[in-house]
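Number of protein chains: 2
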Amino acid sequence: MEDVMITGVGQTPVAEHWDIGLRDLAFAAIQDAIHDAGGIKPQAIYIGNMLAPNLSNQAHLGALFADFSGLTGIEAVTVEAADASGGAALRQGYLAVKSGLVQTALVLGVEKMTDKIGSSVQAALATTGDADYEAVQGVTPTVQAAMTMQRYIHEHDMPIDGFAGFALTAHKNGTGNPDAMYRSGLQLEAYSSAEKTSDPMNIYDVAPRADGAAALILTRSDLLPSNPHEMQVRIAGSSSAVDTLALHDRKDLLYFEAVQLAAGKAMKQEGVLLEDIDLFEYHDSFSIYAALALESVGFAIRGKGWKLAAEGEISIDGRIPCATMGGLKARGFPGGATGVYQAVEAVIQLRGNAGVNQVKDASCALLLSMGGPGSTGVCHILRTRRV
Amino acid sequence: MEDVMITGVGQTPVAEHWDIGLRDLAFAAIQDAIHDAGGIKPQAIYIGNMLAPNLSNQAHLGALFADFSGLTGIEAVTVEAADASGGAALRQGYLAVKSGLVQTALVLGVEKMTDKIGSSVQAALATTGDADYEAVQGVTPTVQAAMTMQRYIHEHDMPIDGFAGFALTAHKNGTGNPDAMYRSGLQLEAYSSAEKTSDPMNIYDVAPRADGAAALILTRSDLLPSNPHEMQVRIAGSSSAVDTLALHDRKDLLYFEAVQLAAGKAMKQEGVLLEDIDLFEYHDSFSIYAALALESVGFAIRGKGWKLAAEGEISIDGRIPCATMGGLKARGFPGGATGVYQAVEAVIQLRGNAGVNQVKDASCALLLSMGGPGSTGVCHILRTRRV
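As they're listed, the protein sequences go chains A and B. In case it helps, this note's numbering puts the first sequence at residues 40 to 426. In case it helps, this note's numbering puts the second sequence at residues 40 to 426.
Any given hint might turn out to be false.
For identical chains, the list gives no copy identity; a pair is met inside one copy or between any two copies.
[As the list claims (entries may be wrong)] In silico lysine-lysine, DSS-like type, Cα no more than 27 angstroms apart, as pairs:
id: 1; residue 1: 211; residue 2: 346
id: 2; residue 1: 80; residue 2: 346
id: 3; residue 1: 155; residue 2: 80
id: 4; residue 1: 155; residue 2: 343
id: 5; residue 1: 80; residue 2: 290
By construction, these hints were calculated from the structure, which means they are not laboratory data. All values derive from a computational prediction rather than experimental measurement.
Required output: the full structure, derived from the provided sequences and hints.
Right, here's the structure in full:
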């Protein structure tokens, strides 16, 4: 069976794009990716988005974006799995190309979250939890994360500011990413004195909601464009799993079983081991989720995820570099687009084009796109292949 | 490459289910389909839904339904393409099984539209058109259809009540479907004297918004359950295409190019000809769309689609039976679930289990799931294969 290659990537800066509409954001990323793939025209579009029907009154994004990009006639659908929508769209694009029935797919992640006031955004975000048992009680994603962090701190012996390493690393990496939302770095003093959003989380433990679009061109390996990049990137693993939607239904609040399952299956596909992975783009929407992701995938034992961050192990030159272009915290968190941004950034790393953020000799990246508190986990493994 | 079989089907009655929640509806159909497939456990769920984030404040249906059905650990996502969401979910399930990476998929269509008042539902439905250029002007799906019907009448020489045949046939077939919303039939007099909803459409030209869930189990042909149905059904064609989202961007208002493309490609997959097709489940959300579907697929020349209905050619014993279990008009129109209902009904026909609605010797069915006024067209061809 042919490999699935990522032959083109595109992205807009992540920001509060009050002057750019949903379709314009999407178009910019689509054009960018098609150009990067040597002008190849996709046969299908898989769109990762979670909130456009609510926040932009716009569903049916497939026809909209295909139309606006001059691509009518091809197939196009939206794939939704809360904030894992981007990863889920990549998974559907991968499966489509693997089927042999689609030769070239465009995977687009797009989200526009900053046009509405905060309470509307929180209400929209709460639709990704259990409407009947969580949202109705005021349990938003932020509240879920705060309760989880509180429990983690209660269970484990850790210092005050034990989670600081996640924000410091992310913001440091953001300084080297021209498309990041925050590029001025963060000092420990600022983290330590930051106001709380939802105790025990402070504002730097919470990734900023943002607007953005990112895109990938997937192509079968026997159909590479005539002028491919010298270093090609292929999808060496892909898997997805779900856990209970509601937090209160978990047997274990502090372990993401769906993440463990998805990562495990993606790695098993080609026998990738943890030590083969050169960088890990996790879903650090909240610091606690970064810690739990490291533990659930197996980079740290339980209760010690925070320590990897505190000891510099997740830095660009550390044992397992994470959030290498700023992650959700510093690059910004454009909802359902996030999983596609992760893939774009990993491709940039694997091509060796990450500049000051370059992970040395990176040849294998693990991506985790997550929906809710580990309710959906989507993992991909990208590896290099020299042409 | 292995065939993709539909080994199990399930559905709830279509109705105004004010006493049944989204997850309960979904669960009923899922259980039904799994039971019908001999108890097989799916590895993935593809959910067709268009309005739950808006009308039920509930996104992230994958984790919700997998959880509620005791299926956590598998993968599950929502696929959205307006009212073509059901067909689009079937297409993703088909591609996943074709890829060889998913052996058994559950395709679920679910929609709950009747809990909210009419204006909320119309606003939600308007998100499936162009929010910036159509919805903002008050152009809802009903308005799009009325304008299209007006143009059709203007262009073509046809009698008053020329569209009656679509409603009369659908309601006649509804009488034989125990899961249909309307089962008491319709007389021409009632159609002729019915009040207008949006001129020139009357209430019988508009399919009733409804609640319901339907489900399919897809399995690779080499992995049939140990106790398969005597008559197996396989997916012999699958294709999808999009047109411009906004009606005003069409070159031709009275031809569904995306439908023609999707049907043509699905038929070409195994060389199916129009005369091979024993029944056609079209998307008769509005009578005019039924006429245009017949013309766009090629069953009628342009301007003569209505005549097929008027002359009884779309009846159970006609040349090309349509809406054989009542269609969207009489079975009811549960939004994004509709495309999955169509597949369930076609399987019942192909198994020979359609009772008084049975199309004689049916062995090949064409399904059209449509989003907006032909903005998205998803076609599947189902054929029998004796075990």
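Quick rundown of the hints versus the structure:
1. 211 with 346: Within. Shortest intra-copy distance 18 angstroms satisfies the 27 angstroms Cα cut-off; inter-copy 69 angstroms does not.
2. 80 with 346: Answer is neither: 46 angstroms inside a copy and 40 angstroms across each miss the 27 angstroms cutoff.
3. 155 with 80: For residue 155 and residue 80, the Cα distance exceeds 27 angstroms both inside one copy (34 angstroms) and across copies (42 angstroms).
4. 155 with 343: neither (38 angstroms within a copy, 48 angstroms between copies)
5. 80 with 290: So residue 80 and residue 290 pass the 27 angstroms test across copies only (22 angstroms; inside, 46 angstroms).
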